[in-house]
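**Student:** Protein chains in written order, with our numbering: chain L, 1 to 324; chain R, 1001 to 1230.
Simulated from the structure, these hints should not be mistaken for laboratory data.
Among the hints, a few may not be true.
Not everything, but these chain L residues come out facing chain R in the computed CB check (under 10 Å) [what the hints assert, rightly or not]: (1) 207; (2) 209; (3) 211; (4) 212; (5) 221; (6) 261; (7) 263; (8) 265; (9) 266.
Just so you know, even glycine gets a beta-carbon here, dropped at the ideal spot from N, CA and C.
Letter by letter, the chains look like this.
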Amino acid sequence: MTAQQLSAVLSVGILVQVILHLAWGPISIDWMDAWSLPDSTDALVLFQVRLPRVLTAIAAGSGLALSGLLLQTWFHNPLAGPSVLGISAGSSMGVALVLLTGLAWGWWGITSAAVLGGMLTLLLVLLVSRRFQGSATLLIFGLMLSYVVGALVTVLQAEAAQDALQQFVFWGMGTFGQAPLNLAVIMLFIVLISWVLISFRSRDLDAWTLGSLTAQSMGVDEKKLKVTIIGITGVLAGIITAVCGPVAFLGLAIPHLVRLMSNERSHRLMVPLTILTGAFIALLADWGVRAPGIDGGGWPLNAVLSLLGGPMVVWVLFRKTWNA
Amino acid sequence: MKHSRVPFDIEMDSLVLGYNAASPLNEPFSDVLQGAGIHLVIGRNGAGKSTLIRTLAGLQTPLKGSVMWEGRLLSKSTAQERGEGMAFMASTPPRTSGLRVAEVLDLMSPSNALRDQTLRQVGGESWLDRRLSSLSDGQAQRVMLARALLQQTPWMVLDEPTAFLDAPSRTALWETLLELSQTGVGMILASHDFRFLQGRDELASVHAMGLMGWQALNRSEPAADWELQC
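Here chain L stands alone, though its shape is the one from the complex (with noise of 0.2 Å):
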């Protein structure tokens, strides 16, 4: 499939899922009405549980597949991911130390504490990275990161309150049904603001896979890319985990999955063609959130995730050896 042709898909299969989103749920609900009759059930409904829910899913699935393009480009690693490298689990941390020691601060104080905790993450790997030669040692250097703050999750767990904890639990199985609607439109911002952004530097990106002292010597500025990169996502990781806890698999597979649909490398193409696959694959996901459940329970976004992403990463594996 060209790009294009791939855009066009991908573009109508998400007008449609939004489509059948905001219309299907255990409550039909009358469009006309929800419209006219601000203070109505159905307008309730549509404009306080469905439309969020609808944009929080675009902006986290886009969100995250960026984020771990990205960091595939940056590290030269095609494992790399906001969740590989413990980006993820820094922005847990704060989250955590924000909820458990009852210093809420409601929804900016987690936002900007899971920020704050995954950019600091995410300058450690880079601090680090300098020292490290093959890409293995970092991809485990983020994992041994992810078990240590884990264990410090645990043990703020082990002293948390009852209801702090269970909160925490909650937020730890991911969801995108939590967001308010103006949280949701703002996440939406922040991506399409970091989609501009980056795509002012997509020359750089492509230099940089040619290896980053060929790239500075063709006059890509080191600092001002990586700037941008830790930049985009470390507000990209960080906001996206506070609202929708630490999804999984979003950031690692998307990009593969692009590379699998379409034979395009450049990132003036790559970029887009990511946001694209994030936003649908995200709203796929929600399918298998919200269907099974009736009353609003269903199942946790990242089983989920897991068990659609796992298989997935697997088959890009088997199908590129059998193509090589």
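Take the given structure of chain L and dock chain R to it, following the hints.
**Tutor:** Relative to chain L, chain R alone:
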């Protein structure tokens, strides 16, 4: 292809190279590299050839001393200015880039005619639509040479460009490099594989980095004698 600018003087002033201030690679030295042709740097493993190449290209900061291009401090230049002055070719070709050869070369924004001509120059005219990752190391290295040429800089620095190549690919690359060095470009080349250059008119200077520090060698001596001095 003629280069529009002549190679400027590269001055090394009390230069000390290395990664770690506690273990510098050499005693301070000063020298100037000037003029077109091949400037060969030889030395044992770990003597600091690659470090010198990177330092001269502004890809690494020296521990002490400074490098000047055209009388201007390299440390004060921007990434873009460095990219306009000197092209760099690493010893290993990129192995993880999925870009097509045409996309790699188009990063330098050449005209299609110039791009195709340069690719022909390195013997890769049929690779335009191939992925870099599908080429052999030797082929990929030649694409990287074409890319460096398209940067159209007065200087090129090459860090052991033949290190990972088999014998036929080496010979082919050396022949291309010798041909290029006649077009007015200045090339600084670190290599172990220098016997090919012995007695060639294209050789502008030979220097050794080693136990004796940085020293100029006689370029008309046999290559075996150079080896003894590093």
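**Student:** Each hint needs a verdict: does it hold in this structure or not?
**Tutor:** We went through each hint and held it up to the structure:
1. With its C-beta approaching chain R no nearer than about 6 Å, residue 207 of chain L sits inside the 10 Å limit, and its interface hint holds.
2. About 4 Å separates the beta-carbon of residue 209 of chain L from the nearest beta-carbon of chain R, less than 10 Å, and the hint is met.
3. This hint holds: residue 211 of chain L has a C-beta 5 Å from the nearest C-beta of chain R, less than the 10 Å allowed.
4. About 9 Å separates the beta-carbon of residue 212 of chain L from the nearest beta-carbon of chain R, less than 10 Å, and the hint is met.
5. Interface restraint check for residue 221 of chain L: the shortest CB-CB distance to chain R comes to about 4 Å, inside 10 Å, so the restraint holds.
6. For residue 261 of chain L, the shortest C-beta to C-beta distance to chain R is roughly 14 Å, which exceeds 10 Å, and the interface hint is violated.
7. At its closest, the beta carbon of residue 263 of chain L sits 9 Å from a beta carbon of chain R; the interface hint therefore holds under the 10 Å criterion.
8. Nearest Cβ of chain R to the Cβ of residue 265 of chain L: about 4 Å, under the 10 Å cut. The hint holds.
9. Look at residue 266 of chain L: its Cβ gets to within about 5 Å of chain R, closer than 10 Å, so that hint holds up.
In the structure shown, a violation is registered for the earlier hint numbered 6 alone.
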